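Visitor: For reference, the chains in residue letters:
4 protein chains.
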Amino acid sequence: MPTILGQNQYGKAENRVVKITRDGATHHIKDLNVSVSLSGDMEEVHYSGSNANVLPTDTTKNTVYAFAKEYGIESAEQFGIHLARHFVTSQEPIHRARIRIEEYAWERIEASDANSRFIGADEVKHSFVRKGQETRLTQITYDGSSWEVISGLKDLVVMNSTNSEFWGYVKDKYTTLKEAYDRILATQVSGRWRFNWTDDDQRMPHWEKSYEQTKKHMLQAFAETYSLSLQQTMYQMGARIIDNRSEIDEVRFSLPNKHHFLVDLEPFGLKNDNEVYYAADRPYGLIEATILRDGCEARIPVDLTNL
Amino acid sequence: MPTILGQNQYGKAENRVVKITRDGATHHIKDLNVSVSLSGDMEEVHYSGSNANVLPTDTTKNTVYAFAKEYGIESAEQFGIHLARHFVTSQEPIHRARIRIEEYAWERIEASDANSRFIGADEVKHSFVRKGQETRLTQITYDGSSWEVISGLKDLVVMNSTNSEFWGYVKDKYTTLKEAYDRILATQVSGRWRFNWTDDDQRMPHWEKSYEQTKKHMLQAFAETYSLSLQQTMYQMGARIIDNRSEIDEVRFSLPNKHHFLVDLEPFGLKNDNEVYYAADRPYGLIEATILRDGCEARIPVDLTNL
Amino acid sequence: MPTILGQNQYGKAENRVVKITRDGATHHIKDLNVSVSLSGDMEEVHYSGSNANVLPTDTTKNTVYAFAKEYGIESAEQFGIHLARHFVTSQEPIHRARIRIEEYAWERIEASDANSRFIGADEVKHSFVRKGQETRLTQITYDGSSWEVISGLKDLVVMNSTNSEFWGYVKDKYTTLKEAYDRILATQVSGRWRFNWTDDDQRMPHWEKSYEQTKKHMLQAFAETYSLSLQQTMYQMGARIIDNRSEIDEVRFSLPNKHHFLVDLEPFGLKNDNEVYYAADRPYGLIEATILRDGCEARIPVDLTNL
Amino acid sequence: MPTILGQNQYGKAENRVVKITRDGATHHIKDLNVSVSLSGDMEEVHYSGSNANVLPTDTTKNTVYAFAKEYGIESAEQFGIHLARHFVTSQEPIHRARIRIEEYAWERIEASDANSRFIGADEVKHSFVRKGQETRLTQITYDGSSWEVISGLKDLVVMNSTNSEFWGYVKDKYTTLKEAYDRILATQVSGRWRFNWTDDDQRMPHWEKSYEQTKKHMLQAFAETYSLSLQQTMYQMGARIIDNRSEIDEVRFSLPNKHHFLVDLEPFGLKNDNEVYYAADRPYGLIEATILRDGCEARIPVDLTNL
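Protein chains in written order, with our numbering: chain V, 42 to 348; chain S, 42 to 348; chain F, 42 to 348; chain R, 42 to 348.
Isolated chain V (complex conformation):
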């Protein structure tokens, strides 16, 4: 046979599961999009079409829903760990499971002031509005012996309206850009961070708190860095995470430079004193890097944060 099979994986993608937990009248919600990807002894299904080793993707979907009941959803990471362990340990031909999860945040709708015409305000504990900011992400990979957990986020749009410059760059025959000493710096963060938890014997990180703190440090580094280039700001965002979160060894960012161009108002006899900007769509600068704890190995794939 002149062709052979290389890396392969399969599963059910984008299982949308919503879990309601009732604490008396107070409800809690977890809203996930779960994708399962399995690999192992799968040559035959590719070569001959024999499904003898294939757990159907429909079954992996059912398992997601069943596990939401059996284990609950404490965090996306913990839920992914339950799933990955199950597939690898319960099916001999499956050697590796990768669970990817998107999580959508919700916040409570605030009750109205005491209003006798309606249900009592203090009873409104089952009503939510989707927060709508970033999408939280995690990817759990298990091969039967060790774990890799890479969490992150996408679509978090941030802007500094000052404290950003760009000058002193290389100029070649195609360079027309003017140097800038006060510009808007804006980006839509796509970031991933890898935990150093790899073994069931290690103490597991507190996934919810870790996410909240990592996002906070990242945002603060973005806000507090006086920027001479988006690369510098990006590096500070990653370094601030590594410095403050001992459970994380590696960070990867893809940061589009969402250009805000100062509009030339001089033809209309107006001076634009860094006030009026045109927010451009395309093209955009795209700045990407891995930031590592010294001594650690890079393992987040370069294409994982792809836009």
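Keep in mind the hints are simulated off the structure, nothing from the lab. Computed from a predicted model, the values in this text were never measured in an experiment. Check before you lean on any hint, since a few could be wrong.
To be verified - Cut-off 20 Å, straight-line C-alpha distance, at most; resulting in silico cross-link-like pairs (EDC-like, lysine to aspartate or glutamate): (1) Lys-60(S) x Glu-307(V); (2) Lys-60(R) x Asp-305(F); (3) Lys-110(R) x Glu-55(R); (4) Lys-214(F) x Glu-133(S); (5) Lys-257(V) x Asp-284(V); (6) Lys-312(V) x Asp-223(V); (7) Lys-299(F) x Asp-322(F); (8) Lys-71(S) x Asp-223(V); (9) Lys-214(F) x Asp-305(V); (10) Lys-172(F) x Glu-151(R); (11) Lys-212(R) x Glu-85(V); (12) Lys-172(S) x Glu-143(V); (13) Lys-212(S) x Asp-305(R); (14) Lys-299(F) x Glu-220(F); (15) Lys-60(F) x Glu-143(F); (16) Lys-212(R) x Glu-133(V); (17) Lys-172(V) x Glu-148(S); (18) Lys-256(F) x Glu-148(F); (19) Lys-110(F) x Asp-314(R); (20) Lys-195(F) x Asp-322(F).
Following the hints, put chains S, F and R in place on chain V, whose structure we already have.
Guide: Only chains S, F and R this time, still in chain V's reference frame:
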């Protein structure tokens, strides 16, 4: 000539303008997407291609940016009023201007605790994260004598995890749906509301406060209505606005019923006690209506809230 | 009660139905996205939540699938007519049905040259590739006595690389645009056309042939008009349809002017002789109009072709 | 310093360039979306913000447009080779350039029959309609000595309405799926293929012909494979390419199993004889694999074909 020209309009759509206002070190941001649409004596450009009455769409774009400097952006509504008035009063062939605006909300990034390695926390007053929830909308129409202002929002996703039933409906030969006595009710609100401000001599509404209060009342009505049908909840949302906001005479909603189906876990020996749901994409119920102050005329086009 | 109910409608949107018809080994495919919208005596469900007059949206979904079997899908228009008639005539409280349909075109995969290792080429009559060009649209409305059929398309992207000019326009203080004597003209057509078939006693148009011919005439008018403005081209597109298709009385277009800006290559010592263009995203001109058969009334809503 | 910089790259993404070539009255069009990504000695810009080694992303944009004039666009691959070579050889700090290109196909609008009222049909050689099917892709990487060219496509939707089965799979406690002996098989192809051209001394493939033939073989393999699983069909698609195109050594696919579920019409007293299907959105099976020429090494990243 066997064909004639009917309603027509033209302009530049989706002008993305960001306005930064500096109050000392504290910056404020307005982030709009402005679409201009003009009509009037425009037969010739359609029949012969003569542009003698045509103000170029490029000029309408320039005007948006120039006005952001000349008038500032107090609110999307006020900005649209400046633009609409300008086009109708400055160009004789233009008899009507319609300005549509989308607004994206931003919130400040909270500074880190005093941290001597970085810029002082109290100086972080120019850093923002996009709120990312609903998109605020407005549409201003001016014909030289009277105003129509229709504001609203889209993409506001809400959910009640209980207090919703659906039963007692018509059953025909194609009906298979089981009645539900405790279901999730979720929707993605697309709503518009029309102000009764139509004349320069009337006192203008406080647009920012009106938006904030209207959204609040709408959300509370959603949360506080014990629902026997999405139609009933929708009507309450509109009525609550009309009841509480005297500046608004008409509300129009398009509410997709974002189905959350209870997953059947019995095949796995599990009981699903209103805990685990599958969030479906398509098809979805689509519930639409106009709610009016009694005695007022409906003017919001049925297709305006289209998904 | 200070508020009243205005126009309202409900139904199941975006029912994705694929119908395979087998003519021996040769299969045929119809791929539709069907949205049902019903209105009538629906006050109570809004006011009190009583569903006594409400045929569930789930039932309307079931009806779509059942009718695909019972009637087949000869054309989107014919299918919509079956559905609309059914809802209005079978349920007393329903007075009006509007069926919107999107149709996706497929073409056959051409068989390989006789290749003994595979199934015979002449047997490949069940394999399709999605054409992927425009989405065909129709909207059928029935009130129990008369029909309105508005068909059309969206997302058809066209370009003339010459034979387009733009000059002689109004210049005000915000005008900076240079006149153009040879420019690219490109747009993404969103169009609708209304048939004059309104009564069961009239001979029904041949919907498939009508669509094919209407699209052809529209494309040819776009190609063959020497353009002094997009308005002029748009009018010709509509007029060509009215002139050639007696079953159509009214056309409505929303045409974004997809700007292709000539790139200034002079800084690099190069001359751009109408060769290299930057295809911009936003903002874009937006040109909209209704073109009517003389003597006919305009009935397509202005917002129907909204982008 | 506790953190270090790992892999990093930067450049301007999504430069939309349209090139018109005039062959007398006959025009030709190339419509590309070009993304530049550079890496090399870039530590300082991350650590200190010094841009001394940074060619601005704006300059890389200018270069794309200038090269469209200087070299023309013979094919996306050839254009990417010009760009990658330029960046690596002209800037000492840049050691590696990766050019990603999307290409959109256009076809000519057919002229109307001789029609004296319009421009002569034979003159319509500058009018195009976007084909709208798949998006063609290529990625060129150059490190100063050797080339890697990975081409491919995305968003090509295909369907077999029969000749697909799925049975004989593993059943565990979460398995409820019924075996299928005649089902629809549909997918939206995301594929990449790697050329064995790596050296300027080798004869370069004919990129346009290679693409056309590769797509043809892939489609025919999809159509002509009697399928017992999507994995089997996918493998045949890759193997057919490797067998027929000696310039290609490796193929990678990500194939969503676009489920078409047979609708249960029995509640309505109807028999669904493989006629009426519900086209589901999410979740979907996701089947991915690399297919290699025997003896060759896999180099296409697993995440490159990500949906």
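Visitor: Now look at each hint and say whether the structure bears it out.
Guide: Each hint tested on the structure:
1. Between the alpha carbons of Lys-60(S) and Glu-307(V) the distance comes to roughly 17 Å, so the proposed pair stays at or under 20 Å and holds.
2. The straight-line distance between the Cα atoms of Lys-60(R) and Asp-305(F) is roughly 14 Å, inside the 20 Å bound, and the hint therefore holds.
3. Pair hint Lys-110(R) plus Glu-55(R) holds up; C-alpha atoms about 18 Å apart against a cutoff of 20 Å.
4. For a cut-off of 20 Å, the pair hint linking Lys-214(F) to Glu-133(S) stands: about 15 Å separates their Cα positions.
5. Under the criterion of a C-alpha separation no larger than 20 Å, the hint pairing Lys-257(V) with Asp-284(V) is consistent with the structure, at around 13 Å.
6. At most 20 Å may separate the alpha-carbon atoms for a hinted pair to count; Lys-312(V) and Asp-223(V) meet this at roughly 15 Å.
7. At roughly 7 Å between alpha-carbon atoms, Lys-299(F) and Asp-322(F) fall within 20 Å of each other, so this suggested pair holds.
8. Only pairs whose Cα atoms come within 20 Å are accepted, and Lys-71(S) paired with Asp-223(V) is accepted, the gap being roughly 19 Å.
9. Note on Lys-214(F) and Asp-305(V): the hinted pairing holds, with a Cα-Cα distance of about 14 Å set against a maximum of 20 Å.
10. Distance hint between Lys-172(F) and Glu-151(R) is fulfilled; the C-alpha atoms sit about 17 Å from each other, no more than 20 Å.
11. Proposed proximity of Lys-212(R) and Glu-85(V) is supported: the alpha carbons are some 17 Å apart, at most 20 Å.
12. With a CA separation close to 19 Å, the supplied pair Lys-172(S) and Glu-143(V) stays within the 20 Å bound.
13. Taken as a hint, the Lys-212(S) and Asp-305(R) pair is honoured in the structure, with Cα atoms around 18 Å apart against an allowance of 20 Å.
14. Between Lys-299(F) and Glu-220(F), the direct Cα distance comes to roughly 17 Å. Compliance with the 20 Å bound is thereby established for this hinted pair.
15. A threshold of 20 Å between alpha carbons decides the hint, and for Lys-60(F) with Glu-143(F) the separation of about 14 Å falls inside it, so the pair holds.
16. Only pairs whose Cα atoms come within 20 Å are accepted, and Lys-212(R) paired with Glu-133(V) is accepted, the gap being roughly 13 Å.
17. Between the alpha carbons of Lys-172(V) and Glu-148(S) the distance comes to roughly 13 Å, so the proposed pair stays at or under 20 Å and holds.
18. Taking the CA atoms of Lys-256(F) and Glu-148(F), the gap is about 17 Å. The hint holds against a cut of 20 Å.
19. Our distance criterion of 20 Å between C-alpha atoms is met by Lys-110(F) and Asp-314(R), whose separation comes to about 9 Å.
20. With a C-alpha separation of about 17 Å, the suggested pairing of Lys-195(F) with Asp-322(F) holds against the 20 Å cut-off.
The structure meets every hint from the earlier list without exception.
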